[in-house]
Amino acid sequence: MKRFPGSVYDHGSEPDPRFTLANERTFLAWCRTSLALISIAVALDNLSVRIDPTVKLAVVITVMLMGIALPAAAWRDWAHNERAMRVSSPLPSSLAQLLLAVGVTVCSVAVLIGMVMAW
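In this text, residue positions in the sequence shown follow UniProt numbering: the first is 1, and each later residue adds one.
Everything labelled a hint here was simulated from the structure, so no lab data went into it.
No incorrect hints appear here.
Below, in silico cross-link-like pairs of lysine to aspartate or glutamate (DMTMM-like), each with a Cα-Cα straight-line distance of 25 Å or less: (1) K2 x E24; (2) K2 x E14; (3) K2 x D16; (4) K56 x D45.
It should be emphasised that the depicted structure is a prediction, and the values quoted were computed from it without experimental measurement.
Required output: the full structure, derived from the provided sequences and hints.
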């Protein structure tokens, strides 16, 4: 039986199942992080927070977009890592980590500025 996606499973040989399962757990952890980001965006939008309304809206939209984009980046990372393990090549860098690090930093600075502006 052919496994999906073929771009991953049609290459190389089956790696140690422990590594494959660890890669899948990492993917699921990124999905949980995505759900947390979406929850944060909904909470920030609905809670009464002393922050400039324009900044608040920008942060809510940015965090929501990060929550939407993160599973796609995590899927890409999972596929690239799985394929690298199957062909015994070095693991590639993570797009999901970069997306999350930059997004959280930008949103944190924006919230700080928004709080100062609303003071």
